[in-house]
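Residue strings, one per chain:
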Amino acid sequence: MTNTYIESFPAEAKVVRAAFYSSFLALAIGGLFGIIQTLHRTGYYRFMDSADYYTVLTAHGVLLAITFTIFFLVGVFTWATTTSLDRPVEDIRFTWAWYGLMVVGTVLTAIPIFAGFTDSEMSASVLFTFYAPLQGHPLFYFGLVLFVVGTWLAGVDWFRSWWAWKQEHPDKRIPLPTFMVLTTTLMWYIATLGVAAAILLFLLPWSLGLVESVNPLLTRTLFWFFGHPVVYFWLMPAYMMWYVMLPKISGGKLFSDPLARVVFVLFLILSVPTGIHHQYLDPGIAEGFKFIAMTNTMFLLLPSLLTAFTVVASMEHGARQRGGTGYLGWLKALPWRDPVFAGMALAGLMFAAAGFSGMINAGMNINYLVHNTFWVVGHFHLTVGTAVALTFMAVTYWFLPQVTGKALWNRSVALGQVVLWFVGMTFMSNAMHRGGLLGIPRRTAEPQYDGFEFEAAVGSVGELDAQIALGGALLTLSLVLFFANVVGTALNSRSDDLPANEYADTLSGPSDAPLVLDNLKLWTAIAIVLVIFAYSFPLLSIIERGGLFGPELTELPVHIGLGLEYLWATTISTVTTASETVVALGAEVNW
Amino acid sequence: MSQTAEHEASNETSEHVREIGHDEFDPIGTLTLIGIYFLILVFLWFFMYFVEFLGNDPTVVSGTLVFLATGARSA
Amino acid sequence: MNIHTYEKLWLVAAMVLIVGFIATITYGSVGLGITMVGDQQDTVEPTELDDERFSDPRVAQVGENEYEAYVTAQMFSFQPDPIEVPEDSEVTFYVTSRDVIHSFSLVGTNVNTMVIPGEVAEMTVEFDEPDEYGVVCNEYCGPNHHNMEGMVYVVPEDEFDLTELDAEAPGEVETGDDIDVTATVENRLLDPIETTVTLEIGNETVSEDVTIDGGETDETTFTVDSAQLGEGDHEWTVTVDDHTDSWTVTVADELEDDDADDDADEESNENTDAGDDADDGENGTEDETDTDETESDASGGDGE
Numbered sequence: 001m002t003n004t005y006i007e008s009f010p011a012e013a014k015v016v017r018a019a020f021y022s023s024f025l026a027l028a029i030g031g032l033f034g035i036i037q038t039l040h041r042t043g044y045y046r047f048m049d050s051a052d053y054y055t056v057l058t059a060h061g062v063l064l065a066i067t068f069t070i071f072f073l074v075g076v077f078t079w080a081t082t083t084s085l086d087r088p089v090e091d092i093r094f095t096w097a098w099y100g101l102m103v104v105g106t107v108l109t110a111i112p113i114f115a116g117f118t119d120s121e122m123s124a125s126v127l128f129t130f131y132a133p134l135q136g137h138p139l140f141y142f143g144l145v146l147f148v149v150g151t152w153l154a155g156v157d158w159f160r161s162w163w164a165w166k167q168e169h170p171d172k173r174i175p176l177p178t179f180m181v182l183t184t185t186l187m188w189y190i191a192t193l194g195v196a197a198a199i200l201l202f203l204l205p206w207s208l209g210l211v212e213s214v215n216p217l218l219t220r221t222l223f224w225f226f227g228h229p230v231v232y233f234w235l236m237p238a239y240m241m242w243y244v245m246l247p248k249i250s251g252g253k254l255f256s257d258p259l260a261r262v263v264f265v266l267f268l269i270l271s272v273p274t275g276i277h278h279q280y281l282d283p284g285i286a287e288g289f290k291f292i293a294m295t296n297t298m299f300l301l302l303p304s305l306l307t308a309f310t311v312v313a314s315m316e317h318g319a320r321q322r323g324g325t326g327y328l329g330w331l332k333a334l335p336w337r338d339p340v341f342a343g344m345a346l347a348g349l350m351f352a353a354a355g356f357s358g359m360i361n362a363g364m365n366i367n368y369l370v371h372n373t374f375w376v377v378g379h380f381h382l383t384v385g386t387a388v389a390l391t392f393m394a395v396t397y398w399f400l401p402q403v404t405g406k407a408l409w410n411r412s413v414a415l416g417q418v419v420l421w422f423v424g425m426t427f428m429s430n431a432m433h434r435g436g437l438l439g440i441p442r443r444t445a446e447p448q449y450d451g452f453e454f455e456a457a458v459g460s461v462g463e464l465d466a467q468i469a470l471g472g473a474l475l476t477l478s479l480v481l482f483f484a485n486v487v488g489t490a491l492n493s494r495s496d497d498l499p500a501n502e503y504a505d506t507l508s509g510p511s512d513a514p515l516v517l518d519n520l521k522l523w524t525a526i527a528i529v530l531v532i533f534a535y536s537f538p539l540l541s542i543i544e545r546g547g548l549f550g551p552e553l554t555e556l557p558v559h560i561g562l563g564l565e566y567l568w569a570t571t572i573s574t575v576t577t578a579s580e581t582v583v584a585l586g587a588e589v590n591w
Numbered sequence: 592m593s594q595t596a597e598h599e600a601s602n603e604t605s606e607h608v609r610e611i612g613h614d615e616f617d618p619i620g621t622l623t624l625i626g627i628y629f630l631i632l633v634f635l636w637f638f639m640y641f642v643e644f645l646g647n648d649p650t651v652v653s654g655t656l657v658f659l660a661t662g663a664r665s666a
Numbered sequence: 667m668n669i670h671t672y673e674k675l676w677l678v679a680a681m682v683l684i685v686g687f688i689a690t691i692t693y694g695s696v697g698l699g700i701t702m703v704g705d706q707q708d709t710v711e712p713t714e715l716d717d718e719r720f721s722d723p724r725v726a727q728v729g730e731n732e733y734e735a736y737v738t739a740q741m742f743s744f745q746p747d748p749i750e751v752p753e754d755s756e757v758t759f760y761v762t763s764r765d766v767i768h769s770f771s772l773v774g775t776n777v778n779t780m781v782i783p784g785e786v787a788e789m790t791v792e793f794d795e796p797d798e799y800g801v802v803c804n805e806y807c808g809p810n811h812h813n814m815e816g817m818v819y820v821v822p823e824d825e826f827d828l829t830e831l832d833a834e835a836p837g838e839v840e841t842g843d844d845i846d847v848t849a850t851v852e853n854r855l856l857d858p859i860e861t862t863v864t865l866e867i868g869n870e871t872v873s874e875d876v877t878i879d880g881g882e883t884d885e886t887t888f889t890v891d892s893a894q895l896g897e898g899d900h901e902w903t904v905t906v907d908d909h910t911d912s913w914t915v916t917v918a919d920e921l922e923d924d925d926a927d928d929d930a931d932e933e934s935n936e937n938t939d940a941g942d943d944a945d946d947g948e949n950g951t952e953d954e955t956d957t958d959e960t961e962s963d964a965s966g967g968d969g970e
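Residue numbers (the working numbering), protein chains in the order written: chain Y, 1 to 591; chain U, 592 to 666; chain L, 667 to 970.
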């Protein structure tokens, strides 16, 4: 007797499964590029030209930070709304449409990136941040736009479900998972306005030759308007899993539903007006604006610190229900042999460490020490690379049976996989943080210089390189085990003995939460006011100083050379191919 | 508050040995853990700011406050 | 709303952390005077950079122990490179980019800024002891990003000068004519310097002591009899402290054609240009110091 997701929502399970598989494909390619970079940077094994390193890095960043995380997110959020509202999506064709749009966007973005490996004139080795005046092929920007529009439509889908549900349940509180989906989506709508403006008003017309130049500081600021909240966008599904899955898997209940709502409201209102903390060392932005961004950023620590308490307390509740005792002895009573639990708990532990390096990054003048050094890379390999990625991989072991109806291929391999990831990332990110304090820069193919060497007070650069290479190797091995389990599970036959599709109950339930918490219009309005407060003066000042379209820029040896006709030809053919792929995929997942 | 914390395990997991309600649950373990985390954060913050950062001279200062900065550093 | 006492406690602790962090940073700004790169400087045109700071990237003295360093970053170098400043000095860096976004970051220090085309980053830094710092670009700027590096040397006060040397002489003279070698020495420091201008030509060495006031330029002319050198090519070198400038003069029995004089002028002009051309991206204003000494010795031997 089972009651899995695929039995309750067979049509939605297919979309969720497709989103997960898309995300895993990005993870596989991005992970492969990760180990290539690790070996290249440290000098252990260099098989390609160092100029190609930056193409690899662009693909690694875009595929992992954008494609992997967000495809997984849309899968989780679709699961969360349908499960917690207990109703199917309003129109499954619409659901497939936004999924298809995201696939097309990804493919269009990937084409010019991967063309960078060939002799073709097309390329987009502009890294994940695509700072002008570096210029990518127009397809790169166009694909990003389609991808983001796909996520916007996904948000519409979740809102439609909620609106329809509200008609039928006018007096009920929004179920917690849906509440998390809606607040995160609203945050995403506000945040993506920045990148939409940067691309549609400036970068895309510029890459097509319609405008002559851009203001590099303006597009960079608009990027970070989006670039910081995007980290919360990919973090929120992990938070949701910690709130609604981890307590249950620990054998307990969520400690506090009201505080979980407070946390997500805080993320909605504080995520966006903080982006300037990525620009502490930018000339052209006044110190006062940087200070405001810092204050906002520091207060953004609050929801994460609250989360730490609530989630750990929920785990403790589980441990004590399982017979755990003592101040710390209860930790032993937790189900450490369960890969879903172990992965999420280790991810949370890593996030505690990441929280610390994040606090340093949030500090204004201390940024001189760490800005653009390897420290930052260490930081986000703990956040997106572990807190998010490891949580996603761990919950995959719970989700796969739910969306395929098949038992997990091998739980021991899964447990080994999550532990390996934790150990590998410990080595790698520790060495990255320490290297950053020595001044080793991020984003460079060969951090070995002619005129000087990096001096380590403790250890040596060689030792750090060894740790990074070892960590990278362990992470790669961990990925191989993960994909073995994904493929192994897909090849299993259907099982009737699977856990039910449920999430955690609460100790302190929604009835304890003030009604105002569910007033999404109010929080959105506050969020917008804060954004206006934090951004309008800096943006106006940047435009007043440098002009809307900036100064005349040096002609760069950029790689367009193909013109509009080619662009449209490629676009049309790609869209056709991609939609065929989607259809094929849709057909395939029907088995 | 006088209710017993022990209940017969009735649901999902086999390791589930008791049911603890909202009012009986004091997350003292969480408070312990997070207290340790707090201390680590405070220590590391001071270490990073006053040893790693301020010890990483020279630093960008404003022209007029240079004397003050050097005075403070050498003090 | 029902919040557990422990969680309230943690809420307070979290707020203490947050306020404490902000207070620490504020103390750094207000108490220690740590200043952020900001909007102090007006914007510039990255393609032109024709203001007097960036058309000639260099170190300039602006006060007793105060210097300004005008630095440009471009794919994939910094100018000037190396940057030399004296110990116990307060140096304000003005850094801008000619093309894409770079950074200017002194390794192992807190001197670190983004370099954005159109914007000028201003950073005032105190250098106490003689030292040397590597400079990296830590923002990806193109396929050779990893080769973009520079050096900052903080040198002992008595080894520091801002002397510009430029020497000129005809490229070709007729045997028996005098060769005038003119050394133009500019002292860009504010204080006067006492130094010696030395000319080596053939196996002859002549020198003259000069005193040059701050900001002034001195011209020293040495006259050499070409007959004594004899027919052939003669390398000459003018030295002032550790700056040198050298070229070759040809002594011929009979000048081949009437244009010879013009050619000679052109050659000596070329020599001057090489020194002044800030755009060549190699060594900037310090070009003159690149002299191959063995070559000069060999030509001296020739003269015998």
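To be clear, the hints were calculated from the coordinates, so they are not data collected in a lab. Treat the hints loosely; a few may be bogus.
[Claimed, not checked] Calculated pairs, DSBU-like style, for lysine-lysine (alpha carbon to alpha carbon, straight line, at most 30 Å): (1) L:K674 to Y:K521; (2) Y:K332 to L:K674; (3) L:K674 to Y:K172; (4) Y:K172 to Y:K406; (5) Y:K166 to Y:K521.
Since the model is a prediction, treat every value here as computed from it, not as a measurement.
Going down the list of hints, with the structure as the test:
Annotation: proposed proximity of K674 (chain L) to K521 (chain Y) holds, straight-line Cα distance about 27 Å (limit 30 Å). In summary, the hint linking K332 (chain Y) to K674 (chain L) is supported, as the alpha carbons are separated by about 26 Å, within the 30 Å threshold. Distance restraint check for K674 (chain L) and K172 (chain Y): the Cα-Cα separation of roughly 28 Å lies within the 30 Å cut-off, and the hinted pair is therefore satisfied. Between K172 (chain Y) and K406 (chain Y) the CA atoms are separated by roughly 34 Å; this puts the pair beyond 30 Å, and the hint is violated.
Between the alpha carbons of K166 (chain Y) and K521 (chain Y) the distance comes to roughly 15 Å, so the proposed pair stays at or under 30 Å and holds.
Hint 4 alone, counting from the list given before, is not met by this structure.
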